[in-house]
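Chains as they are written, first to last, in our numbering: chain R, 1 to 269; chain L, 1 to 269.
These are computed hints drawn from the structure, not numbers from a lab.
None of the hints are false.
Which copy is meant is left open, so a pair is good if it fits within one copy or across any two.
Straight-line C-alpha distance at most 25 Å; calculated DMTMM-like pairs for lysine to aspartate or glutamate:
id	residue 1	residue 2
1	137	202
2	179	55
3	169	120
4	169	235
5	268	109
6	80	109
7	268	202
8	135	152
9	268	161
10	169	181
11	169	152
12	160	120
13	137	174
14	135	145
15	137	235
16	268	218
17	137	152
18	135	8
Protein chains: 2
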Amino acid sequence: MTQHLFDEATRVTAGDSCWRGRTSDDYWAFVGPFGGATAATILRALIDHPQRSGDPLSVTVNFCAPIAPGDFDLDVRLVKANRSTQHWCVELMQGGAEVATLATAVFAERRPSWSHQPTELPQAAPFDQIRPFPKIKASWANQYDFRFVGGDPDFSGAKKDAPASAFSKIWIGDRVPRKIDLLSLMAMSDAFFGRIFHVRGELVPFGTVSLTTYFHADAADLAAEDVSRVLATADANIFHKSYGDQTGKLWSPGGRLLATTTQIAYFKA
Amino acid sequence: MTQHLFDEATRVTAGDSCWRGRTSDDYWAFVGPFGGATAATILRALIDHPQRSGDPLSVTVNFCAPIAPGDFDLDVRLVKANRSTQHWCVELMQGGAEVATLATAVFAERRPSWSHQPTELPQAAPFDQIRPFPKIKASWANQYDFRFVGGDPDFSGAKKDAPASAFSKIWIGDRVPRKIDLLSLMAMSDAFFGRIFHVRGELVPFGTVSLTTYFHADAADLAAEDVSRVLATADANIFHKSYGDQTGKLWSPGGRLLATTTQIAYFKA
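Please model the entire structure based on the sequences and the hints provided.
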C-alpha cells in the first residue's frame, strides 16, 4: 500500500530523547514548511514515543525561526508525568543547537464524565455541492481539498472601502482522502488562510508565531467518527502593531466538536 | 509606599538563569496558588530579565502538578532570539528537579502597522452601577472586585432541567485598585470562575491544565489606556471526558481589546 503524502511528510524516526524528521516539498509554504505539517510531525514523535500514555489534549507550537529544507532533530522531553496526564516539551533543531520550533504538549487518559457541547455545528451546504478551491502556488494548500461555505477569500487586492470579514466557514479534507486522525486534525488546525489575507483582500507577508490546539475528542472518539473531512470555522478579533490573532473550530460532519484552535501571527501591512 | 498585594504575591528575585519566587497566601485557590498569580510571576521574571527585549505577545502556561506553599525556583531560558522576537521557556520547580509548571512565551518589539479590530466591545452597564460579587472561600478571588454584567454564577447546586449558559460578562478590577499592566492582565486572563461551575450550577473538582493568553496591547498601549479595570467575557465550547475549554476576552473600558485567552481544564462531574 502506498503511503499517504501526509504520512510521508510527517514521518519521524525513533530515537530515545532525540528523534529525526525531514521537511517535505509537498507541504511547503512560502518561506518554510507548512506549520501544520511541522506541528503534526512533532505530535507524531510524541504519539510514537514509548513513554507516551493517553491522547493529546493540548498542543502549543511556537515557531521561532524558519526551518530550512532538509533534516531536523527533535529533542523530546517528558517534563512531568502524573497518574493521568503527561507534560512534554519538544525542541526542533537544525544545524546543531539552533532551535527553530519550540512546542509543549499535554497528554491525558480521558475518563468518562458528564458531557455537554454548548457550541452548535454551524449550518453548511454539503461538501459535495461546493466547488473545490483552486490550486495555488503554496504546495501545502494543494494537499487539501478546501470548499468554502462562506467567507471565500478574494486575494485580488482590489481596494475596498472597508476591511472585509475575517470569518470563514470551510470544508477541509485531504485532497487524497485520508481518515481524520489526531495528526491530520493537528495539521488542519493550522490550515486556514491567514486572516489578514481575508480582511485586506490581498496577500501580504505573514507568519504564524504561536499556535495552540485543544483536542476535544480522543483517539477512540475520532476512530468512531470515521470521517475524512471536517467542517471548520475561523475568525479574528484584532490586527494591531504587526500581529493579529485567529480562532478556529473543527467539527465532524455529524456535529461533534473535534478541536478548537487559536494562533497569533505576524503580518506586514 | 506600601506595595500592592499583587506585586508582593508575584515578586521574584533575580538570578541568571534561575530565579526564585514564593507562593502567596493572599492569592491561594483550593489546592494551590491561583494559576493567574503563578502565570504573572513567571511573566514578571521574564519582563525583569536583563536579556528581555520587547513586550509579551503570547504566553502559554501548562500546570503540571500542584505547587506546594513556599519557595520555588524558576529556570528561565531564552531559547531563540531574532531581530524582533524572543522565545522563552520557563520551568517552575520545587524540591530539586520536580517541575510543577512549564511555560513558554513569545516577546516582540511591535512595530506600527495597519490596525483593525473586528470584534466590538460588548454592551455593559457601568462598573459603578453593579454590586460587587461577595467574598468567597478562595483567598485569590477576594483580591479582585468582580462585578457581573451577565451570567452571574449560581453555585447553589439546585438541580436544573438543562445546563445553564457558560457565558459570563464581568468587570474585573483589583479589590485594592491597581493600574492594569501586562502582569495583572496576565493574571486576570485566568480569573474567570471555572465554566463547569456555571453550566452545572455547582462547585466540582476543577483545575486548569493549560492556559494561553495573547496580548493585543504592548506596554505603551496599556500605559496610555491608564485603566484599573477591564470588561471581560468568558465562554466555553465543550465539556467532554473530564476536560472542558474556556475562551475569554479582556477589554479596556474605552473599547480596546487588550488580551484574548483560552484554557483547557480538568473537571470531575
